[in-house]
Amino acid sequence: MSAAAAPAAAATPVVRIEGLGMVYPGGVRALAGIDLEVHEGEFLAVLGLSGSGKSTLLRCINRLVDPSEGRVWIFDREVTRLRGGELRRLRRQVAMIFQQFNLVRRHTVLDNVLSGSLGRSRLLPSLVMSFPPAERARALESLARVGLADRAGSRADALSGGQQQRVAVARALMQEPRLILADEPVASLDPALRHSVMRHIEALNRDEGLTVICSLHDIDLVERYATRLVALRDGRLVWQGLPSEFDRATFRSIYGEDAEPASNTGF
Amino acid sequence: MARREPAADTTWRASVESLQAGAIDAVLIAILLAMGELLVVAFSGRRGPTGLLLGAEQILDLLSYGRWLGAGIALAALWALGARWLGASPGQALVRGVPEGERDLAWTETLRGWFAAVFIELTFFAGWLITELDLVAFLTKFGKAADIVRGLAQPSTSVLHEGLILLVQTVFLAFMATAFAIPIAFVLAFPSARNLTRGSTLARLAYTVSRTLMNFVRAVEPLVWALIFISWVGIGPFAGVLALWVHSVASLTKLYSEQIESIDTGPMDAITATGASTLQVLRYGVVPQVIPPFLSFTIYRWDINVRMSTIIGFVGGGGIGYILKPRVDLGEWGEVGTLVLLIAATVWLMDLISAKIRERIV
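Sequences listed follow chains Y and V, in order.
Taking the numbering used here, the leading residue of the first sequence gets 1, the next gets one more, and so forth.
Taking the numbering used here, the leading residue of the second sequence gets 1, the next gets one more, and so forth.
Chain V on its own, in the form it takes in the complex (with noise of 0.2 Å):
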């Protein structure tokens, strides 16, 4: 029954493996130098022109990042070639896997061991240094955010009138940006299901580009689609539905074509076998399976939209986020508290609400 068919050229594919192979040793040995160069820089308490010793910034622009690269593709290319007596590289056993031999042996026996070993300790005296922990100033100067603990606890209710105001306008912000992406996600989610775009190079085109263009709108933080769309149509909630809207269309896409994949194609064969035409096959085989969990997907995408229109807000994208950034600013601890409380009530009620609903739907 297994017959198998001739497989494709493999020299090709070896290539290719070896070069990802390669490139992976020689960013992870440069990587692996530079840190090694920041640690020494550091501990031997290197001092600035102001006498003062250097910050993780000033070190980091320090190093001499193009030598490691260098010295990184040479031991790689070393390592390549030694690769019989040293042990597969991390590069190797990424792309294909550990070898045959060195299955059973322990992470100690192996150069790749301890390489990974050091690699790890570096990382985390690296990042020790390069985000400058500071566990004093963690556990003496507790002062001043205890004002804003005081300010929830003793809320302002000067502020309550104008925050009420703005939480419907928050709200009704994340609304229109959800409603608006319903009909876009629903309709290019059909492109970017991988299950209905196998048939022709068309379709899979479409499945590419559709792919490509939602993850890169993904990639890029409604912060800073606020800051687009503000710079577009001006400061005020507009800008913010906009960002949320991109941002949603490009998530809820995301979220119904792996719906979509997920579907039974039972009942696509059954109405493929009527004789029915691609979209009647969408509409009987595909449509009537989705829609509960694209309803219950849509509801937590409107939760999670009224809790990033606060920081949209920020920014100048409307909505309650807008008040509150300049009192945190001027330190009305009351006023913020009232605020912060608004918003967590919302977000509670929402959660609440979209939880019950999706709860019956599904």
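The following block holds chain Y by itself, in its conformation from the complex (with noise of 0.2 Å):
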């Protein structure tokens, strides 16, 4: 039994989804039938069109929305029966970068990045803002992670898009995850930033080992930074494979049969 059971724990994946379905109140379809297992150490890139479940399939792993059919595990703890401390004490190993970056706009970048650490506070003192040192210490050592250790005392909006996006990913970083969502990182950055938040993402999943499951709907972005990719169309999984394994038919079938490739992706 033990014996049986040993190369099968080796190969346990960070994420496991069964038969995942999700339908809004109000009747709106946005999920059916998904299964998925996601292994340590992939960057996973999730390919749609908008509308077509990214979204929601990263909002279900860490249980923003909770999905009205299926199971999802995460190491191995079934995420779709928690509760309460339970849910919570679950949510510190994964952190969630937003295409709005999300960031509490009037505090500082330094409290911004201090937040990601809330899971593990105690709630007196976290509710008057004030951290232990070495938190602080943590903090300043996420932010110049990201290179922006002298903007620690700026306020949250006082900084661009492409450094926003950056101190959402200190915060996730001083969460210490294991594994990172990021809900369409670069989406509502200009493209020539985009690089440089996702740089950091990338860095966060080489050097640290994390496992990242990335929504991105730019195929340049996907071919540089992912090892995997699935897509999905009208809530359903339609294709997973390499990103060397993409072509133009595997485009059109995405994205349907009008669909052009935005810039030149070399097919």
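Quick caveat, the hints were computed from the structure, so don't treat them as lab data.
Watch out, some of these pointers could steer you wrong.
[To be verified] Which stretches of chain Y does chain V cover? Using the computed rule of at least three CB atoms under 8 Å from a CB of chain V, they are:
(1) 96-107
(2) 112-122
[What the hints assert, rightly or not] Cβ-to-Cβ under 7 Å is the rule here; a few derived chain Y residues that face chain V:
(3) Arg92
(4) Leu127
(5) Ser130
[What the hints assert, rightly or not] Counterexamples of contact, computed for chain V against chain Y with all Cβ distances above 12 Å:
(6) Gly127
(7) Asp264
(8) Thr278
(9) Ile357
Heads up, the beta-carbon is just placed ideally off N, CA and C, and yes, glycines get one too.
Relying on the hints, combine the two individually framed chains into one complex.
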């Protein structure tokens, strides 16, 4: 029994999704029958048109929305069964990066990064925004990692979009996660700034060995950063494979017959 | 993508809607009939026991409301049954919307249109009679009011000192009422916000209880609260503080909670995703977004309370209104003028300051 279990345990996926489906109140179906496994150290890109269910899929993984069907496991714990404190403890290990950055705009950059440590902070001091010196040092270090140490005291909304998203990356790093969910992290940034943010997410994946699940719609970025990709269409998983296997025919099958790649992607 | 799940049972909803429409029709028709009777009685020149024409109150007393309500119910039922030929009734149009076939008809082509036209006409005629509009008095009896205007123009200095002291009391009365209202309204605002209370049955219950209670408190005028608190703690500024406090809690709770309902939920999601607890999510995801508008509303509320405390003083709630009332009764127009000018200056100043501060915050 244990001999048979050992190799299986070594290959335990970071995220396992079975039969995931989501119907929003009001009857709109966003996801149907998703089966997916994501393994340690992968950088998984999720492709698809807007409205294809990418956001919902990511949000079902950390239960920002409650899926209506199916089950999700993270590190072998069934997320879809957890509630209250157990769910919060699991969320600590899963950082999230959003398209709209979602910083607390009126707080300083440092306070925003410190909020990544809320899951492990003591309640009362955290409510008056008092954090231990060790956490402050760690927050400064995270900021330095994304090249914003000198902006620690600025108000978050004084920063440019690209800088704000790097603060969000520092906040995610502060959380000391094992998994990062990134929901269109560069879609609202100037194209010239996209790599500046993606490189930091890539560094977390490569240097820290963090698993990344990242929804993207820019094929350029997918080819450059992802180790594997899956594609959604109308809430269903329609394709998965390696970036090298992705070609024009696949592109059309995901985005529809009329679609053209937006930029020179080499095919 | 947009696959719809089977809809809820519709027969139940249809019958509830029919009942609502019927009730609205019955009430409308009953009011129309009663207004008709009022006009008939008034214009037939009915005289009372003293030989004078009946006043509006006496006519209203005579009307046969019960009979009209019965007739209204019967006619509403008839209309509902004959809706196929008569067109949708006003109640049906309100509850279900105007039916497809009647949308392009002019109002003169539907019974509903004529009903509405007659109803509106009658409302104005009945309103004229019931509120005893008297254009003659309005245009000819200006004399006494002219005294007040003259008093305003020639304010008497004899009441200036007392007036200033009570003005300070008025401003502080309003300040204390506002200050004590802030913490309670702040706490109540969270359970009163729809977007934070969808999570569980308990949260929805808290929402309903808090909203209902605050709507009730707000519906009762501060003047009435003042009368209640005067009989509780006695005449004086403290009763005024309590009256304005209760009203401020309710109105600030409403303003605060509406502000919470309009926040950007992004930061809440981000903080939730870090594994933070509910209180931490509120502290980091909600509070920073609502603090500036909260401050702005609070200062505005203080401003309103200064104005309201004048009226509260009329019934014994302290402040400058307390000495204004007897002088109006005695016809000391010079002194009334002084007090009114003091109040006007204060309100103007408060207005100016609060506008400036709010400009800075937002």
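A quick look at each hint next to the structure:
no.	hint	result
1	96-107	holds (count 10)
2	112-122	holds (count 7)
3	Arg92	4 Å, holds
4	Leu127	5 Å, holds
5	Ser130	12 Å, violated
6	Gly127	44 Å, holds
7	Asp264	8 Å, violated
8	Thr278	9 Å, violated
9	Ile357	18 Å, holds
This entry does not satisfy hints 5, 7, 8, going by the numbered hints stated previously.
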